[in-house]
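Participant: Based on the hints, put chain Z in the right spot on chain U.
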Amino acid sequence: MYKDLSIYIHIPFCVKKCNYCDFISAVPKEKQLKSYADALCKEIKLSAGYADNFNIKTVFIGGGTPSIYDSSVILCILDVLKNTFENRRRGSYIPDEVTIECNPGTLNSTKLSDYRKAGINRLSIGLQSANEDELKLLGRIHTADDWEQSMKIARKCGFNNINTDIISGLPGQSVELFAVTLDKVLEYSPEHISVYSLIIEKGTPFYDLYNHEKLSDEELDKWDEADRDIYEYTYKRLSEYGYNRYEISNYAKKGCESRHNMVYWNRGNYLGFGIASASLINNIRFANTDSFSEYIAAPYGSVKTKETLTVNDCMSEFAFLALRTSYGISRRKFYDEFGKDIYDIYGGIIKKWTDCGMLEEKDGRIFCTERGINVSNVVMADFII
Amino acid sequence: MSDISQSHIRNFCIIAHIDHGKSTLADRIIEKTGLLTEREMQEQVLDNMELERERGITIKAQTVRIVYTAKNGEEYIFNLIDTPGHVDFNYEVSRSLAACEGAVLVVDAAQGIEAQTLANCYLAIDHDLEIMPVINKIDLPSAEPQRVINEIEDVIGLEAQDAPLISAKNGINIEEVLEQIVTKIPAPEGDSKKPLKALIFDSIYDSYKGVIVFCRLFDGTVKKGTQILMMATGAKAEVVEVGTFGAGQFIPCDELSAGMVGYITASLKDVSGTRVGDTVTDAQRPCAESLPGYKKVLPMVYCGLYPADGAKYPDLRDALEKLQLNDASLQYEPETSVALGFGFRCGFLGLLHLEIIQERLEREYNLDLVTTAPGVVYKVYKTDGTVIEVTNPSNLPEPSEIDYMEEPVVDAEIMVTTEYIGAIMKLCQERRGVYIGMEYMEETRALLKYVLPLNEIIYDFFDSLKSRSRGYASFDYDIKGYQRAELVKLDILINKEEVDALSFIVHADSAYERGRKMCEKLKKEIPRHLFEIPIQAAIGSKVIARETVKAVRKDVLAKCYGGDITRKKKLLEKQKEGKKRMRQIGNVEIPQKAFMSVLKLDDED
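Chain order of the listed sequences is U and Z. All letters in the first sequence, in the order written, are residues 1 to 385 by our numbering. All letters in the second sequence, in the order written, are residues 1 to 605 by our numbering.
Next comes chain U alone, as it looks inside the complex:
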């Protein structure tokens, strides 16, 4: 009996680093592209042992900007993955969902056709904003027009499952300004839209400009207000267009939810390849080194952190990850997994938050209300045991 497995492949390169980004990514130095791709292939090959027990269901090539590579490199990496997991045993290797993240401005029709040939059936194209001033502020390399071109080519190449990333809550952004971006996206009706509220991360240029010391309480309040207004607007507007918000920041047309993302929220098994990539296998969480040189030197075995989750850890994760989804925590699934009724563990907490309208229980599932989502960290923190 094989278990389902999801694969994450991290590409830590960008043409230029965005002003808000604190992911592990950088502008590649000479020969880094090649040495990194080699290392990735090596790591994948050496992970062949997983093929004995796992079947790959989804693949996600994320970054950074994976599309920075020549398509032949991506093809090669996917080939290695296929061979590694196919050769060990008989049976076919056809994952349900294979996604690659791309940046407008790095795409052309050759690249996209190649992706199709390699079995990639889902694209995630980062737009972030359709407003040129905002794109400049964010430090993006493309224009809104670049994104539109990318969408058109992608459709032409036959991609029928496309995600678009948008960032909301930019400094000074109003609902009206945000609506311009959302409307532009809706013109192209992508199957999936991710709308991420901007987070000011330490170590980014944005942090230097907008950290908590720089802004007064009033300014921060105003910003938070605007962000939540945009959030409400997004929900309303996208509902009208047939998108379902299935997770805090993710919207999809029926049946187009990202299977790969759902694996994260449902605590399925996933294996990360590449620098700083995270994995969860049989309730053990581990992550690769975030040092480029360390990774290149020993791509397999560069695991830097490893944590065997206790039952309490698992229950905590189960609860707070499920609360990110609109489905919420399934009482039955909790019982199946832990052999306990969720009320025996979290009864008091569930009551506390349902009483004040942050959680709701319906048909055996417990989920965040609209109000609850806005302050979900406070609610979720209570589920950590």
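Do not rely on the hints blindly, as some may be mistaken.
Claimed, not checked - Pair by pair, the computed Cβ-Cβ distance ranges are:
(1) U/Asn160 with Z/Asp368: 56 to 62 Å
(2) U/Lys306 with Z/Gly578: 25 to 31 Å
(3) Z/Gly578 with U/Arg371: 46 to 52 Å
(4) Z/Asp206 with U/Asp208: 54 to 60 Å
(5) U/Thr354 with Z/Val387: 36 to 42 Å
(6) Z/Asp368 with U/Glu307: 52 to 58 Å
(7) Z/Gly578 with U/Asp208: 24 to 30 Å
Hints are computed from structural coordinates only; laboratory data are not their basis. Keep in mind it's a predicted model, so treat the numbers as computed, not measured. The beta carbon of each residue, even a glycine, is placed where N, CA and C say it ideally should be.
Facilitator: Chain Z in isolation, oriented as in the chain U frame:
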């Protein structure tokens, strides 16, 4: 050694204003007499608590016996009793002085006489001690030994022309001090044949030996097997061991006799039976009357101590019990607070004593504490004619039941250079001080005398004094008694609920200002909740100040990074961890810090 006669014993202490070099001189004396090699000398041998070294003050009396061979070729035994160096411990100081025949008065060659120099000096004179002035820090560029000598003669009236001019720090002229101790300080008198009469000047608890009583024998002898009686407490016990004090160690001997300083261990379980100032005598052959001057020290400052983690209550109780073994002046009794749960109302000699106990509980017993605002003992005269003492604001009767209240006041003496007289007088006025008088010590320095309410000086008076005089003022006080005052109880309401641990008693005139500051401070300390939280200060039902903590609008993590759940979990764990350090009042979680922050209201002045 034990056959050295009384005429070759010198019992003395060293007195000084803080920082004038008392402990350093003690160290040099110990070093010079060869009790310890230089390698064994830690900085300031006698301050052996970590805390004492860190703060540079002596908290407990320390004693050491030294053998000194004088220039006349004869051996002398010096018993050096190091006294606590703070007004909080005045009583302990006075008992230590009572155990001596003489006092070495250390005066800083640059600073001259300070408030504590005078206070300690008068205390020594009260005990008929021979006072031997020593001018310290003569190697400082700003040293003016002759001026200081003249000052000692003019102000205190002591002959000081032949005072040794020394540097304790650099070991200059220490022999002169030792020689003068031999020639100037009288030998003890006393009759070893008379019934035992010994003064307890300290007692400590040792986990191996039990209670160790530090005493000075005035008459009689004591040895293993003697049945002893503490005359004031009535405690009786059989002596297990007697001995003298090495540096940081106890050296057993066969017998202690009149004139000697040493220790007694007996089968005593706690120090409550061996109070400082009590007289030890032979139960079979008691002396006719006890030594004068014993009093039970009463705590002057009270506050609530609560474990940050409610489950640690038993640990806190055990720790207090153990500390009390060594410190009879620490008092505590259980109390409960709606806000803070189970804890103790503790009584201290003063604010320093409070801080020391708090720090020791946290360091030595690894406890996380929440402290309520320190207060004093108020006398409440009720309309029904009864009088009650209130140490906890929560126990204050309804205003309708109160006829009037009295608060403790102190006689304060402040030594200050003339340029800061104005600033210090202003400070005293702000603190409701009543001006008594001013004496000029010399052209540039004056001694200000005020009567000040104790509750005005227990917060941060000392800090303000230092900052307003650029460090040039020094301060000493004595409890004077009680005085009628317009006092009110100020309550703090958080989300409309009264938080008992934040209530305090304050003079009516300062209530508004205090209330406003409390609300402002709490607004900063209380994190935002999912709802708006009003913070109000009220006297009875009348709200006198208000602030509002706004509701959280947004606390949501938009994105998880490529399956990096650990990062998100850490964030939530941190949030959860933060909550653990909070106290739940109704629906509001108040950080422990908030309870402490209101103790420092005046810092921002």
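Participant: Which earlier hints turn out false for this structure, listed by number in ascending order?
Facilitator: 3, 5 and 6
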